[in-house]
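A.B. asks: Take these sequences, add in the hints, and give me the full structure.
There are 4 protein chains.
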Amino acid sequence: MSELKGREKTSSGFYVTKEAPINTDNPIKTPSVPAPDILRCAYMEIVVTDLAKSREFYVDVLGLTVTEEDENAIYLRSLEEFIHHNLVLRKGPVAAVAVFSYRVRTPEDIDKAVAFYTELGCRVERRKEGFVKGIGDSVRVEDPLGFPFEFFYEVEHVERLAWRYDLYTPGALVRLDHFNQVTPDVPRAVRHYQDLGFRVTEDIQDEDGTVYAAWLRAKPTVHDTAATGGDGPRMHHVAFSTHEKHNILAICDKLGALRLSDKIERGPGRHGVSNAFYLYLRDPDGHRVEIYTQDYYTGDPDNPVVTWDVHDNQRRDWWGNPVVPSWYTDASRVLDLDGNLQPIVARTDESEMAVTIGADGFSYTRDEEGEKGFKLGNTL
Amino acid sequence: MSELKGREKTSSGFYVTKEAPINTDNPIKTPSVPAPDILRCAYMEIVVTDLAKSREFYVDVLGLTVTEEDENAIYLRSLEEFIHHNLVLRKGPVAAVAVFSYRVRTPEDIDKAVAFYTELGCRVERRKEGFVKGIGDSVRVEDPLGFPFEFFYEVEHVERLAWRYDLYTPGALVRLDHFNQVTPDVPRAVRHYQDLGFRVTEDIQDEDGTVYAAWLRAKPTVHDTAATGGDGPRMHHVAFSTHEKHNILAICDKLGALRLSDKIERGPGRHGVSNAFYLYLRDPDGHRVEIYTQDYYTGDPDNPVVTWDVHDNQRRDWWGNPVVPSWYTDASRVLDLDGNLQPIVARTDESEMAVTIGADGFSYTRDEEGEKGFKLGNTL
Amino acid sequence: MSELKGREKTSSGFYVTKEAPINTDNPIKTPSVPAPDILRCAYMEIVVTDLAKSREFYVDVLGLTVTEEDENAIYLRSLEEFIHHNLVLRKGPVAAVAVFSYRVRTPEDIDKAVAFYTELGCRVERRKEGFVKGIGDSVRVEDPLGFPFEFFYEVEHVERLAWRYDLYTPGALVRLDHFNQVTPDVPRAVRHYQDLGFRVTEDIQDEDGTVYAAWLRAKPTVHDTAATGGDGPRMHHVAFSTHEKHNILAICDKLGALRLSDKIERGPGRHGVSNAFYLYLRDPDGHRVEIYTQDYYTGDPDNPVVTWDVHDNQRRDWWGNPVVPSWYTDASRVLDLDGNLQPIVARTDESEMAVTIGADGFSYTRDEEGEKGFKLGNTL
Amino acid sequence: MSELKGREKTSSGFYVTKEAPINTDNPIKTPSVPAPDILRCAYMEIVVTDLAKSREFYVDVLGLTVTEEDENAIYLRSLEEFIHHNLVLRKGPVAAVAVFSYRVRTPEDIDKAVAFYTELGCRVERRKEGFVKGIGDSVRVEDPLGFPFEFFYEVEHVERLAWRYDLYTPGALVRLDHFNQVTPDVPRAVRHYQDLGFRVTEDIQDEDGTVYAAWLRAKPTVHDTAATGGDGPRMHHVAFSTHEKHNILAICDKLGALRLSDKIERGPGRHGVSNAFYLYLRDPDGHRVEIYTQDYYTGDPDNPVVTWDVHDNQRRDWWGNPVVPSWYTDASRVLDLDGNLQPIVARTDESEMAVTIGADGFSYTRDEEGEKGFKLGNTL
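Protein chains in written order, with the working numbering: chain A, 669 to 1048; chain R, 669 to 1048; chain P, 669 to 1048; chain G, 669 to 1048.
Careful, some of the hints might be misleading.
The list treats identical chains as interchangeable, and a pair is accepted whether it falls inside one copy or across any two copies.
[What the hints assert, rightly or not] Derived lysine-lysine pairs resembling BS3-like cross-links, with alpha carbons at most 30 Å apart:
(1) K796 <-> K759
(2) K721 <-> K1040
(3) K686 <-> K887
(4) K887 <-> K780
(5) K677 <-> K887
(6) K801 <-> K780
(7) K721 <-> K801
(8) K801 <-> K759
(9) K759 <-> K721
Note that these hints are calculated values from the structure, not bench results.
C.D. replies: Here it is, written out as structure tokens:
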């Protein structure tokens, strides 16, 4: 990992390189067989402890569409989706994530996924009939980083409700955008996910080359998933898109009207990373949901990779608004394929919170000689 | 001051009454002569220490239109304004507010203002030719609370640029909306400004009847000025309106792009009080500027007065986001008619910051039995 | 009526004067008694032929709030309103307007209204208990132009739902903004409504001084009512406000989703007159409803009066999009105080449609030497 | 081509199938060699007759960024672009399109393009140094439909200005979205472009199977290009994206302010096809430019293909607003590789304008028994 100073700095204050500037000295083996061709993040299955309360949050407040439901599970989708679901709420004793599920390009990619993870020595389970309703032939694995991943192609088509404006709420969620995973060693995770076919679009580093987070994409947006440094494996958040920024503000307004403003953890704001407009909520079990809009096209193979200095106070919020500590510390546990909690491995690299918040942290607004700016009012 | 509990509580969590629920046992005398008929807040004159830097902030960043300028002063207006200016920047040694200026209905109202303040024993100075460019016959006073107020009718008309969309920026400021004054004894200030013809639209109280702030209007919006409890007389902020919420977000985005995000002090967010969307900036001298949009019509004489419980965490920000301490503590000094700083009188009532932030403060999201909610992540 | 050429032309292509440039040689008598002090347009009562169908349009599609309803009438209000209603739908055999109702400043203004119209020889009917639910002491008159007007002060307060974002739809209507009346002789109407206390903010004329329409305000917006030249008395439209432009687009999108796009008569677009963003719909009986947002403050007594040249193609639509003929020709009949249709008097002045549309009409985009612009594609 | 009635009709009134429902009995030969792997439409080169006037339109009015310019050509890009340009304005005697240029995935895809078109017997010209500034090894061809197409991979990277909000205008263009080509035989064109690797996302047909237009994508949006039925080869339009709908409205407002509203040909409105929000402008030479935002993700191989009935009045405008005749009839000529105008072949199938507008055309709002709706006011 080279020093930031050696890179091309943009007029916006971050750096660009032509290739992902991340290396690891502790890599996971690269399989000899080809990886499955991943199209996009497709759905997340989460365990919730009170199905009715979670339904209230995701359906009545956020307005996701119920494709199907029974006493144990609710299958939800966004308005522009044509596959069966983007989120499964499953009733269970402990709040956790059951699976991060990706859609692949062809039925044969399931075979490839089986071979890929088998060679890595991972636990692999395939079900021709699928693990959940609406999805056919699928494979679930415990990936080398401890995350439960699923791959599928076969899926039940449902009506894309994009034109059904009579069903839109002011804060309408139109797409699943991405996942975000907490993992202790970011470069190791990035290298592995590159083997799986993901491409890095942005990352956060410091001058010593410590990598705090990286964003990885299959579809040509800024990410389908991201690796955030921290004790893991844990799930940081799942993100849905709106069309416009006012839709995100409308969700905040509605939460205020319902006297649920304590569900707003961070934002709304403009990200530095991704340039998207964002909001972070916490569901009744504490699972974090991001509402997200307007990042940029990344589909060219030589798409410039953006690196942010961890001390740049605009990296996480372009307006310099502070990141609340819970956003750094809290995350959802993930399950193994038997439904048990995966054990947690602690991060040994420095934490982004420690180096940027509080007495020991230092962040600048302007990286200029003499005067670096500070954020008024947040110097607690 | 009656208890909050005795009032009609709305389904939104605040209270309404038909008349302003504020009384004082230490009133300023009500003059026997009629008050001038105030139309609206019209402009503020502020002293800035570096005229070029302030021009950069107000013209290049915020996009106000220069009506006229010389080496000592810049006269600025918003896009929908047809009077000469809404803001005067005057070069001076100490950053402060020179005047809060209101437009009155007729030339004769200047005579009324003279009589009104003369009877109150205030210092009164009238100039037929006006105190600043573009304004004719005016009177300036040091009001009983120590604020420099001006009243005028005669004014030079300039072109209303509302239709000149070629001049609009993404964060276009279209109107001056209001002033906000810091004063130690809010009920006393409110009673006096009611004598001057202002009407209360909203206020913040606690169960013991302590009043922390009140909003007062001439034109039929939520306010032309507000009385915020604190050491005073000081100027809390001056506010300009945009048409839509995205315009306010655009100002934040631009400040980020200019690496001036430290000029953002608080927000953007949705106010509980006024229901408006807001943002607070600090200019190069620390003068606070609010950007504001979409409050409601208040022009009926029996417009319901809204009272917020000081412990309602959604009163200042409907989304429950924290108010930064500087927003409570910092304010601009004001000048007397000779241009000297007015002395400060300390607030003796409890401060809103003390009762709502930190170890001693308590705020709720939901005022319900058993469970009152709390704001995740902000429990520092 | 002076020539347009003699006036001050703005950089936006229209003209401004300090006083309304409208005179009439056929005035209605000015009463010797004072006019009632009108606060604002408050509600319209319309007769609809199918109450269920109208409820679907105004409640299910447009999202107005039902304050109260029975088998014969539905009382509706907008989200920021605190008086009982802004619109009454009353079941009846013939679609028409029963009353244009204005709120006055004090109970005594009802007496003034009685005296004012009595002196004019108009039919006047006062009811202490009100004519409709929620409204107390009121007077209804057949005004000198044949319109049924009502004035009231006493009204039942209901909850202002401005903060209830859980009730907002994407196209939420927040305020009643104005009425628009069709009348054959615009200058005569304007002069009379000025006697009633309204002030002219804008108008449309030609070089010969023919006045095609004028806008009149009580509250400080561009209008509470307007006089549109045509066979009358008829009601051209009633207008509700949204907060932002996307709210208006959302109404169009929803009408498309419901396969009711034929309810969209004109727009959406930007008005030249008023500078507001607009949309015109037709309800199930053909009553025209405008959705409107973002005009400008007009509350100063010397507010510049804007005059548009009838041949300026941007006067009705700032983007030059054509006005459909039905918008010029169709309007709702109005009732007398017995509930019978008022007879129609034909306009004798030239019609705006005739002088601007089709083979005989000429409109320019740019009023410049040599090249005046034309609208591509609309040269049918 | 099967009948519409045999397909699955959605609740929104259009039809979906799993595969493109378009066949041709007059196909262009499918080459035996693989097609180049197209990433996306990348730029268009247009000939303009007055470079200064065109610069005013594209730079001063629309706000595109000048990457480079000289006396003969201007290279322009959108704010989120990192390749050298998205539009080249080249000075020339006759307004026309010089090339539709696509970016391919690898340098080797240029070889594939050469082989592909050589086998088709097309004129092919390759230049290692590129045809225009900023672009390296490229091939230009006269494709079997007569269009000048270019393919390249090598390109100069420039700064992506996405974060430079200080450079944004209210109508900021952030991406090149798509091209649109006029061609006489739509099924024949579709079949050929499918050979080239494009996928159909939507189309317009009638009950007899006549295809009026089809949309084709490389990147996962609704299109990179479209085939519109008409005399061709001609260029119908080139489209740029904004982030939000208000950005498009701002462009209209600005054109009004500049008294250039006659440059607005059609819209703004909501498309049925693509579900995007749109506006069509005409540049100083009559070249048509669309401003476009918010279509949907189409990247899955089994993405449902949408078919619209040509008589569905909401297909072209979801709000049922009329399409102006010029939009159907006007288009830009295209050049061969020598810079001469390509000859025009007339459409022999029925024209969409003829079957939907005027006395012979019939369009419905609702496809229901008994009552089909009609658009008020447009029944000229």
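A.B. asks: At most 30 Å between alpha carbons: which applies to K721 and K801, within, between, both or neither?
C.D. replies: within (22 Å within a copy, 40 Å between copies)
A.B. asks: For K887 and K780, with the copy left unspecified, which applies at a CA distance of at most 30 Å: within, between, both, or neither?
C.D. replies: both (19 Å within a copy, 24 Å between copies)
A.B. asks: Please sort K686 with K887 into within, between, both or neither, judging by C-alpha distance up to 30 Å.
C.D. replies: both (19 Å within a copy, 21 Å between copies)
A.B. asks: Regarding K721 and K1040, is the shortest C-alpha distance of 30 Å or less found within a copy, between copies, in both, or in neither?
C.D. replies: So K721 and K1040 pass the 30 Å test across copies only (17 Å; inside, 46 Å).
A.B. asks: At most 30 Å between CA atoms: does that hold for K801 and K780 within a copy, between copies, both, or neither?
C.D. replies: within (23 Å within a copy, 43 Å between copies)
A.B. asks: Should K677 paired with K887 be assigned to within, between, both, or neither, using CA atoms and 30 Å as the limit?
C.D. replies: Both. Shortest intra-copy (26 Å) and inter-copy (29 Å) distances satisfy the 30 Å Cα cut-off.
A.B. asks: One pair to classify: K796 and K759, alpha carbons no more than 30 Å apart. Within, between, both, or neither?
C.D. replies: within (24 Å within a copy, 61 Å between copies)
A.B. asks: With identical chains treated as interchangeable, where does the CA-CA distance between K801 and K759 reach 30 Å or less: within a copy, between copies, both, or neither?
C.D. replies: Within one copy, since 15 Å is at most 30 Å while 50 Å is not.
A.B. asks: When Cα atoms must be at most 30 Å apart, do K759 and K721 count as within-copy, between-copy, both, or neither?
C.D. replies: within (11 Å within a copy, 43 Å between copies)
Against the hints set out earlier in the document, no violation occurs for any number.
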